[in-house]
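Hey, can you work out the whole structure from these sequences and the hints?
The opening residue of the sequence shown carries number 54 in my numbering; numbering runs sequentially from there.
Misleading hints may appear alongside valid ones.
[To be verified] Beta-carbon label-pair distances, calculated as ranges: (1) L472 to P360: 29 to 39 Å; (2) D352 to R488: 16 to 26 Å; (3) S404 to A465: 30 to 40 Å; (4) R421 to V496: 26 to 36 Å.
[Claimed, not checked] Calculated cross-link-like contacts (lysine to aspartate or glutamate; reagent style EDC-like; alpha-carbon spacing at most 20 Å): (5) K385 to D463; (6) K385 to E334; (7) K385 to D372; (8) K385 to D345; (9) K385 to E312.
By construction, these hints were calculated from the structure, which means they are not laboratory data. Since the model is a prediction, treat every value here as computed from it, not as a measurement. C-beta atoms are modelled at their ideal positions from N, C-alpha and C, and glycine is treated no differently.
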Amino acid sequence: MNTPSHHPRPPDPPRVSARPIHLHPETQLAFSASHCPLYANALALARWAGPTVPVTPRGFPEPPLIGEAVRALSLRPAGLPPEPSGHAGPTRAEDLSSIDPLFALPWWEAIRLGMVELTAGQARPAPDLEERARDPRQILRWWNDMFETTVESARGDLAGTGPGTTGPDLLPRVLRSLYEAPDRSRVPLADLVTELSTGPEALSGPSDRVRRRLSDLLLPMLWQLTEIGAVHLDHRHARPSSGPCLVRLTPLGRFGVREILLSVGVPAPLIEDFGRVGAAEFLDSLHSFSLDGRLIAIDSWLAARTPARALREIGGAVDRPGSALRRWDGAKVLNLTSSHLGPHLRALLGSERPALASLAAIVLLGSRMLDQGEIDRIMEDHGPWVVVDMVAAAMSTGEVGLVDFLTSPDTAGLESLLLDDVDRLRRVDHPDTVRVLEALCRVHPDPDRAARFRAAAVRVRRDRD
Numbered sequence: 054m055n056t057p058s059h060h061p062r063p064p065d066p067p068r069v070s071a072r073p074i075h076l077h078p079e080t081q082l083a084f085s086a087s088h089c090p091l092y093a094n095a096l097a098l099a100r101w102a103g104p105t106v107p108v109t110p111r112g113f114p115e116p117p118l119i120g121e122a123v124r125a126l127s128l129r130p131a132g133l134p135p136e137p138s139g140h141a142g143p144t145r146a147e148d149l150s151s152i153d154p155l156f157a158l159p160w161w162e163a164i165r166l167g168m169v170e171l172t173a174g175q176a177r178p179a180p181d182l183e184e185r186a187r188d189p190r191q192i193l194r195w196w197n198d199m200f201e202t203t204v205e206s207a208r209g210d211l212a213g214t215g216p217g218t219t220g221p222d223l224l225p226r227v228l229r230s231l232y233e234a235p236d237r238s239r240v241p242l243a244d245l246v247t248e249l250s251t252g253p254e255a256l257s258g259p260s261d262r263v264r265r266r267l268s269d270l271l272l273p274m275l276w277q278l279t280e281i282g283a284v285h286l287d288h289r290h291a292r293p294s295s296g297p298c299l300v301r302l303t304p305l306g307r308f309g310v311r312e313i314l315l316s317v318g319v320p321a322p323l324i325e326d327f328g329r330v331g332a333a334e335f336l337d338s339l340h341s342f343s344l345d346g347r348l349i350a351i352d353s354w355l356a357a358r359t360p361a362r363a364l365r366e367i368g369g370a371v372d373r374p375g376s377a378l379r380r381w382d383g384a385k386v387l388n389l390t391s392s393h394l395g396p397h398l399r400a401l402l403g404s405e406r407p408a409l410a411s412l413a414a415i416v417l418l419g420s421r422m423l424d425q426g427e428i429d430r431i432m433e434d435h436g437p438w439v440v441v442d443m444v445a446a447a448m449s450t451g452e453v454g455l456v457d458f459l460t461s462p463d464t465a466g467l468e469s470l471l472l473d474d475v476d477r478l479r480r481v482d483h484p485d486t487v488r489v490l491e492a493l494c495r496v497h498p499d500p501d502r503a504a505r506f507r508a509a510a511v512r513v514r515r516d517r518d
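What follows is the structure, encoded as structure tokens:
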């Protein structure tokens, strides 16, 4: 008998975990943060305020001093693309409407972050400014605060653009999409808009008019994020007339988005930490990832251990009642390294622990290392356990998953193997046998087979009672 090497695949549940990522070292991230335009401008203004600078009741220096700071520090507008000539914009002190945007945001960021102190009509650098500005952790705390504030500000701007706009929904979706994209990949802005408009997790609420304007709404927000180094826009493609706009989340932006995800309770594992996760937690988490995230998680986990150790750990995690789905997921993981496990798996076939013998059988049947004679022998010895495991795993997402299993071109008809020898099935000590048979009799589309599954369930239940 030739048995397919596939495994049951229940429908993906709503994604919960972010894909595992690698972060740059703290010192490297801090170096990048310190060179972001908004951060660098804020720190430069804090230093410029020394020893003191007179300020108005609104907390601003007088216009001549603002103009002096803009010229001396070469400040440029925050959140705006550079002019083609590289000119940063007007800096004449007498034109306060042009100077104020250049100065106001980094100045207030410096005050808000505690880089600058305001007292008695004067501004001065914080006493410990230089010491804190050399601490990588403090730099990243300042930067992350600035990043979250920029995101919230952009969300507020989007929420006020008109009826039907979902500012609170739009930015998290954009940032999450960029976070899930492969490292260093550049995503066309048009693709982000399409995903937000028509993808499986499309925004609900915006009107057609707002949907048509999503690109126009997103681009200013993305430019704001470039000022703090979270996003990179391809400058050659930053205007509609010059081709598609390409967006990339920088390593610093990946750090910032991860902090936001963690703050709202979304698991966001690191690749280097994921390898230390125990087998049970690892297997149970796989279905919360996207497909790409799942592959990264498996590669990361396997890279941290030898194939033999992976087999031992997974075997320990799946040898318990109610672990059918975990066994099938464990088999998928071990299939990626099965060429190194042949002798171990063949030895495990003789285990007195049926769950472990079944795990070995599943991996070997899917390994393509067996000839037809070996396949037949394994099915003769372990077939009922394997098939019950397969159906029980499909049922892990409910009877909808079982219906998909019964109608899928890859798995249709496999359940009939349970009816080939009911007397033998009665002797199989699988804890899910009765539950599987009763579910099959409820949902099987063939009335005759449904009746046979009902009769088999009665006989097995009677034997066990």
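Outcome of the hint check:
Restraint check, L472 to P360: a C-beta distance of roughly 37 Å satisfies the suggested window 29 to 39 Å. Judged by the Cβ atoms, the range 16 to 26 Å given for D352 and R488 is violated: they are separated by roughly 34 Å. Taking 30 to 40 Å as the suggested C-beta distance range, the pair S404 and A465 conforms, at roughly 31 Å. In this structure, R421 and V496 meet the distance hint of 26 to 36 Å, their C-beta atoms being roughly 32 Å apart.
Note on K385 and D463: the hinted pairing holds, with a Cα-Cα distance of about 16 Å set against a maximum of 20 Å. Restraint check for K385 and E334: the C-alpha separation of about 16 Å stays at or below 20 Å, so the hint holds. The straight-line distance between the Cα atoms of K385 and D372 is roughly 16 Å, inside the 20 Å bound, and the hint therefore holds. Among the hinted pairs, K385 with D345 is consistent with the structure: their alpha-carbon atoms are about 15 Å apart, no more than 20 Å.
As the CA atoms of K385 and E312 are separated by approximately 31 Å, the hinted pair breaks the 20 Å bound.
Consistency with the previously given hints fails for numbers 2 and 9, ordered from lowest to highest.
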